[in-house]
Amino acid sequence: MVIKRIPKRIMLREKAQFLSIVLLVAIASMAYALFSITVRNIDENYKAFIENQNQEDGNFITSLPVDIKYLESKYNLKVEERLMVDYSEDNKTIRVFSISKQINKPFVSLGNMPHKGEILIDPNFFKKHQYKIGDTIKIANKNFIISGIFYLPDYIYIIKNDQDFLPDSEHFGIAAMNEEDLKTIAKVFPYHYYMFKGNLKDIDSFKSDVNQKWGLLKFVSRSENPRITFAEIKIDSVKRSTLPISLFVIFMSSVILFIVMRRLINNMHAEIGTLYSLGYSDKEVIKVFMHLPIYIWLIGSIFGSVLGFIEAIPFSTFFRAYFALPVVKNVYPISELFIAMFLPGVFILSSGYVAIKRFFKLTIVEMLHGVDEIKFNKLPRLSFLDKFSFQNRIMFKYGVRHFAREAVLVVGVIFSTILLMYGLSAKNAVIDAINKVYEKNFEYKYMYILNSISTHTELNFKKYKVEPFNFQAFETKNGNFNIVIYGIEKNSNMVKLFDERGARIEVNSGFVITRPLAQKLNAKEGQEIELKNKFDGKKYKLKVGKIADIPVGNQGFMDINEFNKIFGFEKGSFIGLYSDTPVQIPKQMLFDAQDKNYMIETLKGSAVTLQKSIEVLGLISAILALLIIYVLSGLAITENKKNIGILKMLGFKEKQIFKMILGFNSYSFAIGFLLGIPLSKFTMNQLMSSATKNTDISLTLDLSWQSVVGCFVVLAATYILSRYLVRRKVAKVMPVDILKEQID
Amino acid sequence: MFIVVENLTRIYKVGANNVRALDDVSFEFEKGKIYTVVGPSGSGKTTLFNILGGLDRADRGRVFVDSKEITKFSKNELALYRRDYVGFVFQFYNLINGLTVYENVLSSAVLSKNSLDVDKVLKMVDVYSEKDKFPFELSGGQQQRVAIARAVVKNPSIILCDEPTGALDYESAKLVLELLENVNKRFNATILIITHNLAISNMSDATIRLRSGRVVEFIENHNKVPAKEVTW
Numbered sequence: 001m002v003i004k005r006i007p008k009r010i011m012l013r014e015k016a017q018f019l020s021i022v023l024l025v026a027i028a029s030m031a032y033a034l035f036s037i038t039v040r041n042i043d044e045n046y047k048a049f050i051e052n053q054n055q056e057d058g059n060f061i062t063s064l065p066v067d068i069k070y071l072e073s074k075y076n077l078k079v080e081e082r083l084m085v086d087y088s089e090d091n092k093t094i095r096v097f098s099i100s101k102q103i104n105k106p107f108v109s110l111g112n113m114p115h116k117g118e119i120l121i122d123p124n125f126f127k128k129h130q131y132k133i134g135d136t137i138k139i140a141n142k143n144f145i146i147s148g149i150f151y152l153p154d155y156i157y158i159i160k161n162d163q164d165f166l167p168d169s170e171h172f173g174i175a176a177m178n179e180e181d182l183k184t185i186a187k188v189f190p191y192h193y194y195m196f197k198g199n200l201k202d203i204d205s206f207k208s209d210v211n212q213k214w215g216l217l218k219f220v221s222r223s224e225n226p227r228i229t230f231a232e233i234k235i236d237s238v239k240r241s242t243l244p245i246s247l248f249v250i251f252m253s254s255v256i257l258f259i260v261m262r263r264l265i266n267n268m269h270a271e272i273g274t275l276y277s278l279g280y281s282d283k284e285v286i287k288v289f290m291h292l293p294i295y296i297w298l299i300g301s302i303f304g305s306v307l308g309f310i311e312a313i314p315f316s317t318f319f320r321a322y323f324a325l326p327v328v329k330n331v332y333p334i335s336e337l338f339i340a341m342f343l344p345g346v347f348i349l350s351s352g353y354v355a356i357k358r359f360f361k362l363t364i365v366e367m368l369h370g371v372d373e374i375k376f377n378k379l380p381r382l383s384f385l386d387k388f389s390f391q392n393r394i395m396f397k398y399g400v401r402h403f404a405r406e407a408v409l410v411v412g413v414i415f416s417t418i419l420l421m422y423g424l425s426a427k428n429a430v431i432d433a434i435n436k437v438y439e440k441n442f443e444y445k446y447m448y449i450l451n452s453i454s455t456h457t458e459l460n461f462k463k464y465k466v467e468p469f470n471f472q473a474f475e476t477k478n479g480n481f482n483i484v485i486y487g488i489e490k491n492s493n494m495v496k497l498f499d500e501r502g503a504r505i506e507v508n509s510g511f512v513i514t515r516p517l518a519q520k521l522n523a524k525e526g527q528e529i530e531l532k533n534k535f536d537g538k539k540y541k542l543k544v545g546k547i548a549d550i551p552v553g554n555q556g557f558m559d560i561n562e563f564n565k566i567f568g569f570e571k572g573s574f575i576g577l578y579s580d581t582p583v584q585i586p587k588q589m590l591f592d593a594q595d596k597n598y599m600i601e602t603l604k605g606s607a608v609t610l611q612k613s614i615e616v617l618g619l620i621s622a623i624l625a626l627l628i629i630y631v632l633s634g635l636a637i638t639e640n641k642k643n644i645g646i647l648k649m650l651g652f653k654e655k656q657i658f659k660m661i662l663g664f665n666s667y668s669f670a671i672g673f674l675l676g677i678p679l680s681k682f683t684m685n686q687l688m689s690s691a692t693k694n695t696d697i698s699l700t701l702d703l704s705w706q707s708v709v710g711c712f713v714v715l716a717a718t719y720i721l722s723r724y725l726v727r728r729k730v731a732k733v734m735p736v737d738i739l740k741e742q743i744d
Numbered sequence: 001m002f003i004v005v006e007n008l009t010r011i012y013k014v015g016a017n018n019v020r021a022l023d024d025v026s027f028e029f030e031k032g033k034i035y036t037v038v039g040p041s042g043s044g045k046t047t048l049f050n051i052l053g054g055l056d057r058a059d060r061g062r063v064f065v066d067s068k069e070i071t072k073f074s075k076n077e078l079a080l081y082r083r084d085y086v087g088f089v090f091q092f093y094n095l096i097n098g099l100t101v102y103e104n105v106l107s108s109a110v111l112s113k114n115s116l117d118v119d120k121v122l123k124m125v126d127v128y129s130e131k132d133k134f135p136f137e138l139s140g141g142q143q144q145r146v147a148i149a150r151a152v153v154k155n156p157s158i159i160l161c162d163e164p165t166g167a168l169d170y171e172s173a174k175l176v177l178e179l180l181e182n183v184n185k186r187f188n189a190t191i192l193i194i195t196h197n198l199a200i201s202n203m204s205d206a207t208i209r210l211r212s213g214r215v216v217e218f219i220e221n222h223n224k225v226p227a228k229e230v231t232w
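Residue numbers (UniProt numbering), protein chains in the order written: chain A, 1 to 744; chain B, 1 to 232.
Only chain B is shown next, with the shape it has when bound in the complex:
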């Protein structure tokens, strides 16, 4: 298994109370597959995203990626892990406003030893013609495609997407999903999509349903449909 999560627990202190954002969560992901994580607000989706991405630390439990226990990593090791293994796609794109489209993607490419050609990736996500523009000059759909290009250009093993279609209109959202599917096929990247939109789970290989920090369901999808056919 490419990603192994064992008894993962994360507790946040909110005022005087302890909130268990993740409570003894365990699952396994294979390499090169698409997974969706669904659940209501506060179910622990983003916490799981953060820990898998090396952005946050667990209080208990272990996470193995490519047989390396990332939960034991130091701050610097986590930075290297994010650099070499993970690409992120956020709901509000999180592009660097002071950099052009090309520079945003380049800022990610320069970190990786196996990066892809920036121009080719921009062409792939269909924003090459906008490469000299700044993020605020683009539509939301275009910005999200740039964000995907930035995640992909490092040629990462894992692409973590937190509500990648949450801020987009239907057409733009569909284009983004198709793009993620395309990336998965071309680069054999494991893709994890966190979403409120249950319809997206139709294009994934498996779906984890979280509630109150616990895995309530792990459903393998034997009738996976192409992203193009996903509707809501």
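This is chain A alone, in the form it adopts within the complex:
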């Protein structure tokens, strides 16, 4: 039927408008396809990887070697020892493991398992330092040949310290070699590292048993291990945000399509009425006009889904590299591709159908005469606006009369603001956290953790400027999350705590907790909190004295003397030292040593990797805002062509006309932006609290004025660009053409 050609011709005639909607649909499909396929790929690979390589259910460190057979039979577990040594040189640390046989088996993705004199390197460290297989790497003055790239199921998120935020392959990597080789580079192992597999029913008695017999230094169950759980949390948060983000874009494009279709069909009222007058039936005419949403859906979703599908391959690789996760199997689920294609169809076709159906409820005579004429009597008079100047009055009346269009613009700007603010604030939050925690609060330069808690009379630190500290790990009454309580010196020069106003807090004024911990516990000053010691299971009630403005960590601080008294340690006991200068501690006594400058550098360096995802978020939000503003403003110009022509004829300047017809958009933009700011804060808090629910890290995203200004600059630039594009449309409207359209 010849009238089938009408929709194609309309789309070609109004190409900018339809292309924008097609792009919105494409973005929605692409977002869904990209994220869902990537997540499925990562998820399935992750599951296969941890199963094949027998990921641990936990690990523990002791001062003395344990009786593995005893533990295995008593607790029905598989226990395996793995040697571990950190080797640092040139600001780089390699953590070398012996190759385990049963638990946390290495997965070699390239090359071979190492023989004598050979070593495996993790893929990110390998790539970052541009190693090749067969290259030589020097560790403790001994050369090792790189035999391959490997992955460990308990180091999926390769961070050096448990409290690190992000992996940093520039400064830290893991390696594996034979036990014999490892023993040649590290003569002394001051502690013993064990991995276990099995369902440990009574963790408390296990810990207490191990502690009594062999001196438990650390116990980490699988669910508390950030190197495992971070990957799971990140996959889960991407999984959870995929559908809402895609649905929101689809919803926005559907609403915009609805408005465009309604306006377009209203503009074609006489033509549609004529089709009826020629004798076409309802079904035939609706079928023709339904081709518009069908074309938009098909072009947008096929293009977007295919692009998302293609992009999912490099994106999965990027994502996988971020986690150090190997490709165990290729997963490219076609089902997700179909969902990405058909999901927008449901919304787009429904909104198209509703827009068309509403118009077709009119009588043929109404169609021939035009809806605007018919509706004119129903338009609100808005006489209260008459006190404004003519131009402002027209501008406000246009805005109020086209409320739906302005509302979509507001929602679009809100969405773009949230997206952009999230990106900008995430970066600020990390940098702020690093600055606050490591520069303002923790003034020590070196931190040493010894392998036991005692008064350590054998050590002499008189020549160093040091402060002893002690700590214990606890969990909340219901076991929801972990808390580390530190005992530090009164008036400490190494750890300085401040309240929200910036005033110094001293630990002698009572038990001090960090802000994220207070938020998680919903605890206020003066309130009592109930905690359970993770080592011996003993329960404690502690009264919160002050809340310290530290943005990271579930931590508590108290006077070290008070700490030792409450938790049953001998007076003067400590486990570690804060120091301004490097301290010589016998290796066999040392559990861990941290150089703060190195940590700051590492963290700041790794914060740079956030930049890429922020840029992507910024770009997506700017494109969304541009498309939404452009389509809606362009629509206003198209449907007001006649009025613009007449206003030009009357002698109004283009600038004045633009203000009258589209001036209200600026108010909608401002409203959208202003509403977007508090809403970003709200959504970000929700997002962060759900993302960090099961971790020891708590990041609070604060809206800094820099992020607000940055967000405004990006969105305002987008707004100005779209206005510029639309303004060219106004310039093209010639009064003479309008008259010619009416009378020849």
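Hints are computed from structural coordinates only; laboratory data are not their basis. Honestly, I wouldn't trust all of these hints.
As the list claims (entries may be wrong) - Derived coverage of chain A by chain B (criterion: at least 3 residues anywhere in the stretch with Cβ under 8 Å from a Cβ of chain B; other residues may be distant):
| # | stretch |
| --- | --- |
| 1 | 335-346 |
| 2 | 440-448 |
| 3 | 543-554 |
What the hints assert, rightly or not - With a cut-off of at most 16 Å between alpha-carbon atoms, the simulated EDC-like pairs for lysine to aspartate or glutamate come out as follows:
| # | chain 1 | residue 1 | chain 2 | residue 2 |
| --- | --- | --- | --- | --- |
| 4 | A | K8 | B | E103 |
| 5 | A | K213 | A | E44 |
| 6 | B | K75 | A | D282 |
Ideal placement from N, C-alpha and C gives every residue a C-beta, glycine not left out.
We have chain A; now place chain B onto it with these hints.
Frame of chain A, contents of chain B only:
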């Protein structure tokens, strides 16, 4: 009689008031003749046009076309009636902007079982050379000729024209009138022209004068003149 209108009444609600657009109108038309309907704005001309064309419904009264009571037709029957019996010519042409001249005429031809050859009709209305152009590329006179071609190509029994010359200059208007006269002669179609221009009634067989929804005069024209000689 080909068209019989009996006591036709159409009431519109405008705000709180009821307006009688047509008030007990009755008349009869013969097949193959040209009729004009004249009257001031608001006299009910377009309402009559709409009801005769099956675009609108009457509140009271009956309309018979070819002995079929169209006032009883369902929505679908009315669509078939418009498809098989009626060709429309509007003041502002109402061509489909997304279709070329040829496609506009074809869109009408495909609906009819007895349609005429599209090319021949385009030649007849003298727009064949413009057949691949879009409506906005044509002058008003050319557009109206395309609209007539679209109405004629179905080979309808009735051609309803609502102010067909209202938007045209004198020369173009004269050409359109000549074309309608030609169509009437060649295809024996009953033509009803609604107009403000009293001079056009000179080329018709009869004129109905409406005022406030009522027929005030039905004048048979015994001195009918060819369209070429109509002047104003």
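Hints and how they fare:
Chain B is given as covering the stretch 335-346 of chain A, and this is violated because 0 residues of the stretch bring a CB closer than 8 Å to a CB of that chain, at least three being needed. Taking a C-beta to C-beta cut-off of 8 Å, the stretch 440-448 of chain A contributes 0 residues in contact with chain B, too few for the three needed, and the coverage statement is violated. Coverage of the stretch 543-554 of chain A by chain B is violated. Counting CB-CB distances below 8 Å, 0 residues qualify, and the rule asks for three or more. Restraint check for K8 of chain A and E103 of chain B: the C-alpha separation of about 14 Å stays at or below 16 Å, so the hint holds.
For the suggested pair K213 of chain A and E44 of chain A, the alpha carbons sit about 40 Å apart, so the restraint of at most 16 Å is broken. Distance restraint check for K75 of chain B and D282 of chain A: the Cα-Cα separation of roughly 9 Å lies within the 16 Å cut-off, and the hinted pair is therefore satisfied.
The structure fails hints 1, 2, 3 and 5 (numbered hints given earlier, in ascending order).
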